[in-house]
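Okay, here's what each chain looks like letter by letter:
Protein chains: 2
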Amino acid sequence: MNLGFIGIGLMGRPMTLRLLAAGHRVTVWNRSREKLAAVVEKGASSGGSPAEVARESEIVMMCVTDQRAAEEVLFGADGVTAGAKPGSIVVDFSSIAPASAREFATRLEAMGIGLVDAPVSGGVAGAENGSLAIMAGGREEHVERVRSVVMHLAQRFTRMGDSGAGQATKLANQVIVGSLIAVIAEAVRLAEASGVDATRLPEALKGGFADSLPLQIFGARMAARRFEPSLGAAAIMLKDLENAATVAKEKGVPLPMSSTAVQLYRMLAAHGKAEQEISTIIELLAGGRK
Amino acid sequence: MNLGFIGIGLMGRPMTLRLLAAGHRVTVWNRSREKLAAVVEKGASSGGSPAEVARESEIVMMCVTDQRAAEEVLFGADGVTAGAKPGSIVVDFSSIAPASAREFATRLEAMGIGLVDAPVSGGVAGAENGSLAIMAGGREEHVERVRSVVMHLAQRFTRMGDSGAGQATKLANQVIVGSLIAVIAEAVRLAEASGVDATRLPEALKGGFADSLPLQIFGARMAARRFEPSLGAAAIMLKDLENAATVAKEKGVPLPMSSTAVQLYRMLAAHGKAEQEISTIIELLAGGRK
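Chain order of the listed sequences is W and U. In terms of the numbering used here, the first sequence opens at residue -7 and continues consecutively. In terms of the numbering used here, the second sequence opens at residue -7 and continues consecutively.
Hints may be right or wrong, so weigh each one.
Identical copies carry no separate label here, and so any pair may be met within one copy or between two of them.
Heads up, simulated EDC-like pairs for lysine to aspartate or glutamate below, C-alpha to C-alpha not over 20 Å straight-line [as the list claims (entries may be wrong)]:
| # | residue 1 | residue 2 |
| --- | --- | --- |
| 1 | 265 | 120 |
| 2 | 34 | 120 |
| 3 | 241 | 120 |
| 4 | 241 | 195 |
| 5 | 241 | 220 |
| 6 | 34 | 267 |
| 7 | 282 | 242 |
| 8 | 243 | 275 |
| 9 | 241 | 44 |
| 10 | 243 | 133 |
| 11 | 77 | 242 |
| 12 | 241 | 275 |
| 13 | 231 | 44 |
| 14 | 198 | 120 |
| 15 | 243 | 189 |
| 16 | 34 | 136 |
| 17 | 27 | 101 |
| 18 | 34 | 220 |
| 19 | 198 | 267 |
| 20 | 27 | 154 |
| 21 | 231 | 58 |
| 22 | 243 | 26 |
Calculated directly from the structure, the hints in this document are not laboratory data.
With the rest of the complex left out, here is chain W (with noise of 0.2 Å):
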């Protein structure tokens, strides 16, 4: 199929990796150019814009940083919209704010252009594996429509409701996976001060109720303070912490727990450590010590 991939970053590049590799045609593109010469040594074509890749794909799939960067590569000066035939799909798997992505889906139709608001949770080795879980809101015959190209990427792709649903679980999602993150730093630097050698920690509870992925990732790279490479900033975790809690205002849902984590990682990005990687939170806990 025809596909369209805009946001070749850390999750987009292995993403659009995939896709070539199950046979699809791909046109791409990324804000910053360089980052394409990974997926065009791959077989991918180089779109000029988004607007000339939505003019190339039936289904336009994207994966950028925030609601700011989706909306301009949508509706921008040679965005999206400027290219895209009626009757086309977009598949965004970007983490926005669920009343943004009900609002994109309301200009998008009124072009004839169906979204699907898709993010996903897996991280990079999830991206790399197709393992995603990824979190669909939208028109039930368009989340049908894309699923079998999705399904090279997720290991379940589940559809939540309308327009916003998808997102509306991906905050659910992060609420867990950020506090996780949080919690599991403590739960390394106690073992540490408690003379427990942290690094088998990961392996120890492997199987029982502790267990996760973020144990197994996060957890093995704070207990040996390897933050490189990254697989993920702390200040996109802020990002989606901060749309659930305002969320969250809006609905009178009380967060206690995930509103320490929004603190936490405040804390981090107030330390300039806003874009480093996230496991670098354990140093919150710990200062310099092991």
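Start from chain W and add chain U according to the hints.
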């Protein structure tokens, strides 16, 4: 082998049944005698006291509620130490303070009895399936002597260090599990309030970064507001998190997330719900709504 098992509760019962099914001879004791029937009818012998269990057993296992119960079982009148032969080993699956585990080990060692502190994670389902993660502290020779028996109960039995290291690891485990359960409640409630069917969350997030046994087990119960049969009282988690807080205070470890979790479990207790299933924590966030 001739084994003893003291404490035939939610965890001890399925653990004893697995040991019997593996062909071991098991002598059992429990404070309330009526709980013995379930294992006696599967072939366990009923001992009249912990001392009598110890007299019949090369390895005495125990899984009791807290450290007062553990101390009574070990050192009380007709306790394990009144019957155990020098050279025998006690494996304590209970979750108690690391300092108490170290103290018990020292007292037992003076009588020629070995102690392995071996708290478990994985809940009733893990005990039934033999898939517990068990974290051990004690002498390496003692841990290895009991390994083949313990492996009937566990998918993982990891020596983390000397006496107390198993308990210290369990506290790290509980910092994660206790906090995670509170965080899952927030995610379930946020999804509900956003109009997403939260009963689909565990399935939708399966395999992603937010996935865990607590999401699949307690998250599903929270979304369905189904708290029976009980899989463990909030009071047990509160005790473990208070133990973690005590160690953290001694060692100067900041625990912002799990301190918040302690307050939530204490709030449950203040609402008279200490003995209710831990998933009832969702009601703190939701009131009677759903």
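- Message: At most 20 Å between CA atoms: does that hold for residue 241 and residue 195 within a copy, between copies, both, or neither?
- Response: This pair counts as neither: shortest intra-copy Cα distance 38 Å, inter-copy 26 Å.
- Task: At 20 Å max between alpha carbons, let me know whether residue 34 reaches residue 220 within a copy, between copies, both or neither.
- Result: Classified as neither; 25 Å inside a copy, 54 Å across copies.
- Message: If the cut is 20 Å between Cα atoms, do residue 243 and residue 133 qualify within a copy, between copies, both or neither?
- Response: Answer is neither; intra-copy 29 Å and inter-copy 57 Å both fail.
- Query: Within a copy, between copies, both or neither: where do residue 34 and residue 136 come within 20 Å Cα-Cα?
  - Reply: neither (28 Å within a copy, 52 Å between copies)
- Query: How do residue 241 and residue 44 come out at 20 Å by Cα distance, when the copy is not named: within, between, both, or neither?
  - Reply: neither (40 Å within a copy, 60 Å between copies)
- Query: Is it within a copy, between copies, both, or neither that the alpha carbon of residue 241 lies no farther than 20 Å from that of residue 220?
  - Reply: Cα proximity of residue 241 and residue 220: none, with 35 Å in one copy and 31 Å across.
- Query: Which holds for residue 27 with residue 154 at a C-alpha limit of 20 Å: within a copy, between copies, both or neither?
  - Reply: neither (33 Å within a copy, 50 Å between copies)
- Classify it for me, residue 231 with residue 44: is the Cα-Cα distance of at most 20 Å met within a copy, between copies, both or neither? Answer is neither; intra-copy 30 Å and inter-copy 61 Å both fail.
- Intra- versus inter-subunit Cα pairing at 20 Å for residue 241 with residue 275: For residue 241 and residue 275, the Cα distance is within 20 Å only across copies (18 Å; inside one copy 30 Å).
- Quick one: residue 243 to residue 275, C-alpha cut-off 20 Å, is that within a copy, between copies, both, or neither? Between copies, since 16 Å is at most 20 Å while 34 Å is not.
- Query: For the identical chains here, do residue 265 and residue 120 meet the 20 Å Cα criterion within one copy, between copies, both, or neither?
  - Reply: Neither way: residue 265 and residue 120 sit 26 Å apart in one copy and 45 Å across, limit 20 Å.
- Message: Treating 20 Å as the Cα threshold, decide for residue 198 and residue 267: within, between, both or neither.
- Response: neither (29 Å within a copy, 28 Å between copies)
Consistency with the previously given hints fails for numbers 1, 3, 4, 5, 6, 9, 10, 11, 13, 16, 17, 18, 19, 20 and 22, ordered from lowest to highest.
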